[in-house]
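Novice: All chains, full assembly: derive it from the sequences and hints.
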Amino acid sequence: MKFIDPHIHVTSRTTDDYEAMAAAGVAAIIEPAFWLGQPRTNVGSFQDYFSSLVGFEKFRAAQFGIRHYCTIGLNSKEANNEALAEQVMEIMPLFLAKENVVAVGEIGFDDMTALEEKYLRLQLEMAKEVDLPVLIHTPHRNKKQGTYRSMDIIEEHEIPPHLVVIDHNNEETCEEVLRRGYWAAFTIYPKTKMGNERMVEIVKKYGPERIIVDSSADWGVSDPLAVPKTGNLMLERGVPEEHVELTCYKNALAAYSPSGQFEESDWLDPEPIDQRTLFEGNSVLRGGQAPRVDKPEDDRIIQ
Amino acid sequence: MSYTPVQLLENWILRQASDAGQAWLDTQREAVATGDLKSLYMSFGFAPRKVGKADLQLTERDLNDAAEARPGWMPHTWTIDQAARVLLLMSLPSEDDAAFYATLEKLFQTAEIREQICLYQALQLLPHQELFDDRLCDGTRTNVKSIFESIAHNNPLPMELMSEQSWNQMVLKALFIGAALDPIEGLDRRVNPELARMLIDFAHERRAAKRPIPVELWRVAAPFADEIALEDMKALYASGEQLEQSAIALALVSTASDEADVILKTNPEIAKRAENGEITWREIAQQAY
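Note that the protein sequences, when read in sequence, are chains A and B.
Residue 12 in numbering that gives the first Met the number 0 sits at position 13 of the first sequence, with consecutive numbering throughout.
Residue 204 in numbering that gives the first Met the number 0 sits at position 205 of the second sequence, with consecutive numbering throughout.
What you were told as hints is all true, and nothing was included just to trick you.
Below are the DSS-like pairs computed for lysine-lysine, each with C-alpha atoms no more than 25 Å apart in a straight line:
id, chain 1, residue 1, chain 2, residue 2
1, A, Lys127, B, Lys37
2, B, Lys37, A, Lys117
3, A, Lys190, A, Lys204
4, B, Lys49, A, Lys127
No wet-lab data here; the hints were simulated from the structure.
Specialist: In structure tokens, the structure reads:
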């Protein structure tokens, strides 16, 4: 079975992870722009981070047979540094039109401050201007209120719910998110957000419609195989295969395809290899359809 | 009748773009011409969505027109969005060279891979090229082969702008990463003893590691081959694979030295084919990669 992990921070992961993900059936991933743990002190750090999301990381992932997409946005925590936030907003037009950008995100609330709300609203307007879906990060603390408030604001800006993914849901928030017509994403992240046994129960209870499973694997203790592991657990526990396909692959595809940048044919039916200069980099990438694992027969020998 | 690069790009796009794409491009070029940077940044990004990503369908005549409009310009690998992006860049006011440079650098710094390829190929048609020699050298340090090739291949700027040291590094790196040498413009014109020495050293490293030596290496190393290099070539000419033998024959023929003649005589059949032009570097490059 093929999987999409529509929320993973692979910039923080190694090539071993890419190999394991490809071997487990992950065909495409989305890397939302987010917090790096270490707060950024100037706009140059954002610029280089965004550049790596639209450039080198896409290239690196492809070498392991994985198609990489991203979302671009000013995250909620760093929205609280107003001077910096202003400069980040200024450079966002340089990045939103890039070819692998499938949404504005992840944006939303952390502490639910006035500044967080200001930049959430500005970025929602920006998403409308460039015609992209939105990925919403919901807060760890005061989650229910933060989630509801995010949806209220989105509705004030008249963005239709089918263009919005609300992420990091749990048993407490998902009913309302689904009721209002949004995509409800769940982060399978050890010990904190959602475990995969709980996830199985949620799919059994609510069905597969508009539910999306992701890993959010990042620089913390997390699991880049969370989506395939959850998909396999669902099958083991009697969830029908088509429900697994929807929650671990097809719903993500449908949610981000309005961007025009997220097409199944990109990974199922890649363009033919073209030897000419312009596409030769791409042909290297597509040559990596099957993950390239050049293990010597005797692994004590390094050739 | 000869055309300017702008006229050629406009014609090529006109032939292939939809009316809507064409209208969008015209509007954006007007906005960019007023110095509106936000329009430049957004339209540069959106170009593939508006005019498509198809290959430019160019005839022999188009390619001749291109070479006449800008010597060394070889757009046979260009795509329609690339042409549109270059027209947008050519619309940008350029009287103030510092401001022009700063805007281009901003685009370089934030470009994704296809955009970088486009920018490196675009420079040959833009004003103030001399300001970008550091940028070219910096670009060749990339790990991304397609970006490296956008600078090294079918691009006259390295030949025109790069110092000997940067040029030598570029040629050596091409061999390292498996990029062909044949599409490097000015390759035979800018050979030099230091480059030949670097390549011979490289050949020896490869031999020590029991890895194959790229066959095109001999084209650049042969004109300054010392005794050791000639020994290497002699050995490969006797026992190498067919492609290696062909490459060495061609390399030795072009040096026209006595030592080369001695080696060539050891396998006169291949030597004759090389002398008659039955073997070309282009074919060798095509077979090698």
